[in-house]
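As given, the protein sequences belong to chains A and B, one line each in that order. Using numbering that gives the first Met the number 0, you'd call the opening residue of the first sequence number 0 and step up by one each time. Using numbering that gives the first Met the number 0, you'd call the opening residue of the second sequence number 0 and step up by one each time.
Rather than coming from a laboratory, the hints here were simulated on the basis of the structure. Hints should not be assumed to be uniformly reliable.
Which chain B residues stay away from chain A? Per the calculated CB distances, all over 12 Å, these [stated by the list, open to error]:
| hint | residue |
| --- | --- |
| 1 | Thr7 |
| 2 | Glu48 |
| 3 | Arg87 |
| 4 | Leu91 |
| 5 | Gln100 |
| 6 | Asn119 |
| 7 | Pro127 |
Short, incomplete list of chain B residues facing chain A, as computed with Cβ under 7 Å [to be verified]:
| hint | residue |
| --- | --- |
| 8 | Trp32 |
| 9 | Asn33 |
| 10 | His35 |
| 11 | Phe81 |
| 12 | Arg109 |
| 13 | Gly122 |
| 14 | Val124 |
With a straight-line Cα cutoff of 27 Å, these simulated DSSO-like cross-link-like pairs (lysine-lysine) come out [what the hints assert, rightly or not]:
| hint | chain 1 | residue 1 | chain 2 | residue 2 |
| --- | --- | --- | --- | --- |
| 15 | A | Lys103 | A | Lys83 |
| 16 | A | Lys41 | B | Lys112 |
| 17 | B | Lys118 | A | Lys30 |
| 18 | A | Lys9 | A | Lys75 |
| 19 | A | Lys119 | B | Lys118 |
Remember, predicted model here, so these are calculated numbers, not experimental data. Where a beta carbon is used, it is the ideal one built from N, C-alpha and C, also for glycine.
Letter by letter, the chains look like this.
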Amino acid sequence: MPELLTPEIKARIGDANPTIHVEVTRRDIQKYAVSTGQTARKYLDGDEAPPLFHFGYSMDILPPEKLRKDGIAEDKLIPPLPLKRVMAGSSDTVYHRPIRPGDKLAITRRLKDLYEKEGKSGPLIFVVTEVVVETEDGEPVLNETTSLIAR
Amino acid sequence: MLRYEDITVGQALPARDHTASIVQLFMYNAAIWNPHRIHFDHAYATEEEGYPAIVLDGPLQGDWIGQVVTDWIGEDASLVSFGYANRRAAYLGETMTAGGQVEEKNDDTREVKVSLFLKNAEGEVTIPGHAVVRFP
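Can you build the whole structure from these sequences, using the hints too?
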């Protein structure tokens, strides 16, 4: 099997984005809860955030001229890959405690792994990232592992 | 009230249909700050990228299967872990059904493992998922 992932690409494993610091507001939770069609009162009232609320915190806040034509911000954490077609994504989160309004959170995203496999219709590259959310005091909140497959 | 003792392996979780409107999709992408054009620009999604219609966000659909669990447990248990995988795209106008079933019970930890799914109108599972909840 040809080696698609060069030592230069694999050297990026372990890289992390600068930690993002956010203050959670009730209004942000309410917006997320309404837009996702939640029915639980605690989410609609913003007393507690639904399980995937933190996803929005991974979005860069950039002016339109800094975005690509498709509207996406360049993901600087993931190195340019020799396979371009991203075909599937998955997300797995372990929860330590719910996110609540007033929480001051530190969010760090890291490139956890890059590996290749031979698929039925050719080579595949797996990109694994980890998002760690904790309070500013260091209390663990959640760990999310996401995986992308490029072919 | 949902009690650990009353749960049986194989039991179905209440299912729910979701049909996102363009307004709901706008609100979601605004809430998470997602400017990806395939989720709000019909001409771009169809003419430039070749999609049949505006594309529903994967994490929005992941949230829908998460709600199967959070609606089921209410305040009676806590979420330990939750995961989902985007297998197939879904488009604006499609009605998706979120559901799941109990897979395992662990009497020592009082944890319950459930499998989750999102299906399209053809019955294809577009997003499988899983979760573990813990009862007091």
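Checking against the hints above, which ones are violated? 2, 3, 7, 12, 13, 14 and 15
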